[in-house]
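K.L.:
Read off the chains here:
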Amino acid sequence: MSNAQGPQRLLTEVLDTDLCCGCGACVGLCPYFTSFLGRTINLDPCDKEEGRCFLFCPRTELDLDGLSQKLFGVPYGTDAIGTHRDIYSSRAARSGKYQAGGTVTSLIEFLFDEEMIDAAALTTNDKVLPVADLVTDKAGVKRASGSKYSVAPTLSALNRAAREGYTRVAVVGTPCQVTAAAKMTTRDGVERNPGDAVAYVVGLFCTWGLDYRRLFEYLSGRVDIADITGFDIPPPPAELFVVETKQGKLTFPLAEIRPFVRESCRHCIDMTSEFADISVGVLEDNPAENLLIVRTQKGEELVKRAVDKGAIIVEKMPDGGLVHLKESALIKKKRALANLSEKDPQAAWGYIVGPGDRLKKIMD
Amino acid sequence: MSYLSKDSPGEVNLLMGNEAIARGAIEAGVAFASAYPGNPSSEIITVLGSLAQELGIYVEWSTNEKVAVEAAAGASYAGLRSICAMKQNGLNVASDFISNAVLTGVGPGGMVLIVADDPGGISSSNEEDTRYFSRLLEIPLLEPAGFQEAKDMTAFAFKLSEETGLIVMIRSVTRISHGRGNVVYSKIEKGNKKARFDTGRTVLAFPVPWTHKILHDKMAVIKDKFEESDFNRYEGPKGADLVVVTSGAAYLYTKEALGLLGLSDRVGVLKLGTTFPLPEDFITRGLKGAKKVLVAEEVIPFLEASVKEAYANHVKDLGVIEFYGKASGHIPRENELSPDIMAQAIAGLTGTGYVPVDPAYQAEIRGLSLPNSPYRALTFCAGCPHRATYWDLKKALKLDGRDGFIVGDIGCYTIGLGPQGYSMLRTTHAMGSGSGLATGLGQLKTFGLDQPVLAVSGDSTFYHSVIPALINAAHHESNFTMVVLDNSTTAMTGAQPHSGSDTGAMGIPAHGLSIEKICESLGAKVRVLDPFDVDKSVQSIYDTIQDDEGIKVIIMRQECCLYRLKKDEKRYLMKIDETRCLGDACGCNRLCTRVFKCPGIIWDRAGKVARIDEVICNGCGVCTDICPEGAIIREVNHEA
Ligand SMILES: Cc1cc2nc3c(=O)[nH]c(=O)nc-3n(C[C@H](O)[C@H](O)[C@H](O)COP(=O)(O)OP(=O)(O)OC[C@H]3O[C@@H](n4cnc5c(N)ncnc54)[C@H](O)[C@@H]3O)c2cc1C
Ligand code: SF4
Ligand code: SF4
Ligand code: SF4
Ligand code: SF4
Ligand code: SF4
Chain A
2 MSNAQGPQRL
12 LTEVLDTDLC
22 CGCGACVGLC
32 PYFTSFLGRT
42 INLDPCDKEE
52 GRCFLFCPRT
62 ELDLDGLSQK
72 LFGVPYGTDA
82 IGTHRDIYSS
92 RAARSGKYQA
102 GGTVTSLIEF
112 LFDEEMIDAA
122 ALTTNDKVLP
132 VADLVTDKAG
142 VKRASGSKYS
152 VAPTLSALNR
162 AAREGYTRVA
172 VVGTPCQVTA
182 AAKMTTRDGV
192 ERNPGDAVAY
202 VVGLFCTWGL
212 DYRRLFEYLS
222 GRVDIADITG
232 FDIPPPPAEL
242 FVVETKQGKL
252 TFPLAEIRPF
262 VRESCRHCID
272 MTSEFADISV
282 GVLEDNPAEN
292 LLIVRTQKGE
302 ELVKRAVDKG
312 AIIVEKMPDG
322 GLVHLKESAL
332 IKKKRALANL
342 SEKDPQAAWG
352 YIVGPGDRLK
362 KIMD
Chain B
1494 MSYLSKDSPG
1504 EVNLLMGNEA
1514 IARGAIEAGV
1524 AFASAYPGNP
1534 SSEIITVLGS
1544 LAQELGIYVE
1554 WSTNEKVAVE
1564 AAAGASYAGL
1574 RSICAMKQNG
1584 LNVASDFISN
1594 AVLTGVGPGG
1604 MVLIVADDPG
1614 GISSSNEEDT
1624 RYFSRLLEIP
1634 LLEPAGFQEA
1644 KDMTAFAFKL
1654 SEETGLIVMI
1664 RSVTRISHGR
1674 GNVVYSKIEK
1684 GNKKARFDTG
1694 RTVLAFPVPW
1704 THKILHDKMA
1714 VIKDKFEESD
1724 FNRYEGPKGA
1734 DLVVVTSGAA
1744 YLYTKEALGL
1754 LGLSDRVGVL
1764 KLGTTFPLPE
1774 DFITRGLKGA
1784 KKVLVAEEVI
1794 PFLEASVKEA
1804 YANHVKDLGV
1814 IEFYGKASGH
1824 IPRENELSPD
1834 IMAQAIAGLT
1844 GTGYVPVDPA
1854 YQAEIRGLSL
1864 PNSPYRALTF
1874 CAGCPHRATY
1884 WDLKKALKLD
1894 GRDGFIVGDI
1904 GCYTIGLGPQ
1914 GYSMLRTTHA
1924 MGSGSGLATG
1934 LGQLKTFGLD
1944 QPVLAVSGDS
1954 TFYHSVIPAL
1964 INAAHHESNF
1974 TMVVLDNSTT
1984 AMTGAQPHSG
1994 SDTGAMGIPA
2004 HGLSIEKICE
2014 SLGAKVRVLD
2024 PFDVDKSVQS
2034 IYDTIQDDEG
2044 IKVIIMRQEC
2054 CLYRLKKDEK
2064 RYLMKIDETR
2074 CLGDACGCNR
2084 LCTRVFKCPG
2094 IIWDRAGKVA
2104 RIDEVICNGC
2114 GVCTDICPEG
2124 AIIREVNHEA
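Those protein sequence lines, which keep their order, are chains A and B.
According to the numbering used here, the residues represented by the first sequence are 2 to 365, in order.
According to the numbering used here, the residues represented by the second sequence are 1494 to 2133, in order.
Note that these hints are calculated values from the structure, not bench results.
Note that beta-carbon positions come from the ideal geometry of N, C-alpha and C, so glycine has one too.
Among the hints, erroneous ones may be present.
Far from chain A by the CB rule (all over 12 angstroms, computed), these chain B residues [unchecked claim]:
| hint | residue |
| --- | --- |
| 1 | R1726 |
| 2 | E2009 |
| 3 | N2082 |
Derived list of chain A stretches under chain B, where covered just means 3 residues or more per stretch with a C-beta under 8 angstroms from a C-beta of chain B [what the hints assert, rightly or not]:
| hint | stretch |
| --- | --- |
| 4 | 22-36 |
| 5 | 40-50 |
Listed next, with one range per pair, are the computed distances between beta-carbon atoms [unchecked claim]:
| hint | chain 1 | residue 1 | chain 2 | residue 2 | range |
| --- | --- | --- | --- | --- | --- |
| 6 | A | R214 | B | E2013 | 29 to 35 angstroms |
| 7 | A | R215 | B | S2014 | 36 to 42 angstroms |
| 8 | B | G2123 | A | R215 | 34 to 40 angstroms |
| 9 | A | G190 | B | D1851 | 45 to 51 angstroms |
Chain A on its own, in the form it takes in the complex (with noise of 0.2 angstroms):
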């Protein structure tokens, strides 16, 4: 392994390796990667020792302390659910369609009215093909609302946001997405450092995400791809992935679906966006509800002003209503620790360079 840091090492340790998990952070910095249908993909090649496409991707050199001291101010710990100040329930004030709660198109839409924000790169489908939308006004958040379950280049939209100028970016995405946004805001002396220009982080909590081609070749001949409007994976223990259409819901044995998991997923040990201002994601008991986990202090205040401008509507998690979730992060990331290892013997964790012993810790 050589000590550079650039574009070849993003090459072989993530790419060729598959852990790339389409976040799209190295896409649109450059004319050398590009995301097609949910892949990304290296069009030429590029001979820089050192490259915002390899500091920035969450797949190489992850610090987790470091992140986590320079976002929270303390180590990285064994909470399986990550550092955070509060926990609620939550949603939207206004009822609208929602993939649950609306806790995160409310919030969005909250800063675009407050002018906290000039931009957010959001997640929208193209037909099904979910793909990065730089979004600039407040119109434009619902067309981004609801889950697309394969990986979009989100953070290219941030890319692009920063290189047209914008200066204060919300950005929405997966653990993944936000480990890589972390990485940006945290990365010091870096010029043109897209992390310049962004405001807020807002992570949703993901177990996995699927590989497009493969979904998509899967569903080809099973429903009209035209008149697919979304997906649902209803709660455990329903065991089902759910295509809703024109005509109505089709379902189909998550068994099925499983396969198409990207490889990079199982190599994820973050279910909750831990290094995110906010986290958000489906309360268990009401799907049409968020649990809502607030990380920084920037997030405390975002949360705390809407809820005082009637944006969104929050209540305290009791502590007994995390078992559950704190249960199946933990498990994601003994899962991904093991793998890791697997897969490469050489490294202890993989492209996580620490902090050893609190990984083992959770490995025990």
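Could you slot chain B with the ligands onto chain A? The hints should help.
P.N.:
Then chain B with the ligands, alone, in the frame of chain A:
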């Protein structure tokens, strides 16, 4: 009136070898000329074409060499003198017809075949020595060793052809075809210009042993003529110890070497101009008394083998002779010869001291020349549409991600093998071979081949030899994408028109055939794209290769930039906004000069910005679309 068409016997003109051949044909009253372009033969037909109307002759760029030679034979059958020219590779294509025509004979009009070989493969994919074709197919062979001979042999070849009813072949090489020397003119014969096919004659080769016997009888007559030919001569002292047997350009190098060594009066030179059938008696006379014989020729030991064979037949008269040449390692088997190589060989055999070039001087030259010469890669011209085509293909294949590949062909686009064409091309053989390989590869799905197969060819090559492969593919439903790089001309050999052009060799209107219509008639799905429109082309190529049923044809149409600039101004005036250019910083890392590699853009190392080289840039405007920062600015200069 051109200097080539003046009827001025005795006048001396400085002619290029190919012009001398054309002049020889003119003096012989040629009426019909055909060829497929190929260096180093192309100028013969270019010259005749430009004089066609003045001389009242017919000249064409044929679709391929086989058709060219058949067309010329047709004229011969109708009583007209005809000439057909090609490069070495072309003879492979034409040989099928010729191998029959030697038995049937040609018509009452003499027919001369000019084949210009390219030792060293300066502008070829091989360095084939076509003299072996003369033995293989049994065609009388002449090898000019200078410019006067190039003309005189051509005129002589017509007479010989008419006397024997056989095609007569003249083999030139690059240094004869493209060199220049003084030529003394002879009178221009009127020649028969009245064509009539004699319906009393049936042209056929049956029964074969009988017609073959006739051929051999004719060859015996020709051999006798060659024994007396002035194109063969012995130079130097009688009974020399060492005799150099040589022909063609090697004769010139030999003479120069002997001059250098001061050995002209010690070493004999047996210069042969008629090398098949071999004038054995003449050679035996020339070798009388020699102890050593050095055979000097380029590429294959054709003469060496023939002369040794002749020696075996006459060994009683000649006694012991040691032979030197390629077998002994004195003469290299590859590449061109030079006076220097000849001097070393002769010096070695005569024990003469010869220092080729003082090593110190050589080192000094190298020291001075290398650092002072600019680094030049084998590349497409600035603004060449092929660069854009490969750029588009590269991106489409990367997006597709199934490890698709391109098989190819010989032409300017062969540069696609190297980094200047993004190493996109995987194979190159003969004209049209890409399409042929692809018809086979396109059948391998049942064997698990799941990579997209693409083939490239030029437009001229399309007519030359892609069509049969496409017919094969259409008939057998082979699955591949044929990409025709249509730059509207035969660019590699000097922008000759082809079957798609609306003018021909004579500069008068011709019926240009549409590639798309031909392909559509085969049931191919055809798209016509402009390679300069990068985004649209990438998408369209991508869409095409997603369709894995049957043959798909993509015509990448954009005029050769050099051809265009002969008629028009640059399309765009280009400049680079230095404030926007990221140079080698993360964010670009010199995409334009490091990856895209158009020589019209240069990297200013000191200023750390890209710059347009206005002299080299041909103003195609494509780089504007590839720059990630919008730093390359194009301003419309001249709309097409
Ligand atoms: C791939 C994926 C897996 C998930 N897995 C879980 C899980 O296991 N458990 C759980 O509790 N929650 C999971 N979620 C989160 C959940 O589906 C909701 O997104 C979350 O609860 C927010 O709900 P909401 O009603 O506020 O969303 P909405 O208000 O509808 O807003 C959804 C937001 O999500 C963004 N988004 C949609 N798809 C993607 C994507 N593919 N990549 C990045 N951003 C996207 C959009 O930009 C939009 O802003 C997952 C989400 C995704 C995208
Ligand atoms: S981000 Fe920088 S280092 Fe990476 S590929 Fe692009 S230009 Fe090269
Ligand atoms: S994980 Fe993200 S940053 Fe890393 S290679 Fe994949 S798309 Fe690029
Ligand atoms: S499981 Fe991890 S890697 Fe996979 S999509 Fe979710 S956050 Fe990204
Ligand atoms: S416009 Fe650009 S790509 Fe075209 S010739 Fe000039 S420098 Fe080359
Ligand atoms: S591609 Fe554009 S930004 Fe990059 S070096 Fe060339 S001119 Fe500069």
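K.L.:
A separate judgement is required for each hint: does it hold in the structure or not?
P.N.:
Now the hints, each set against the structure:
1. R1726: holds (61 angstroms)
2. E2009: holds (29 angstroms)
3. N2082: Label violated. Min Cβ-Cβ 5 angstroms, cutoff 12 angstroms.
4. 22-36: Satisfied; 5 residues make the cut.
5. 40-50: holds (count 9)
6. A/R214 <-> B/E2013: 29 to 35 angstroms: Given range 29 to 35 angstroms: holds, Cβ gap about 32 angstroms.
7. A/R215 <-> B/S2014: 36 to 42 angstroms: Holds - the Cβ-Cβ distance for A/R215 and B/S2014, about 40 angstroms, lies within 36 to 42 angstroms.
8. B/G2123 <-> A/R215: 34 to 40 angstroms: Between B/G2123 and A/R215, where Cβ atoms are some 36 angstroms apart, the hint holds.
9. A/G190 <-> B/D1851: 45 to 51 angstroms: violated (58 angstroms)
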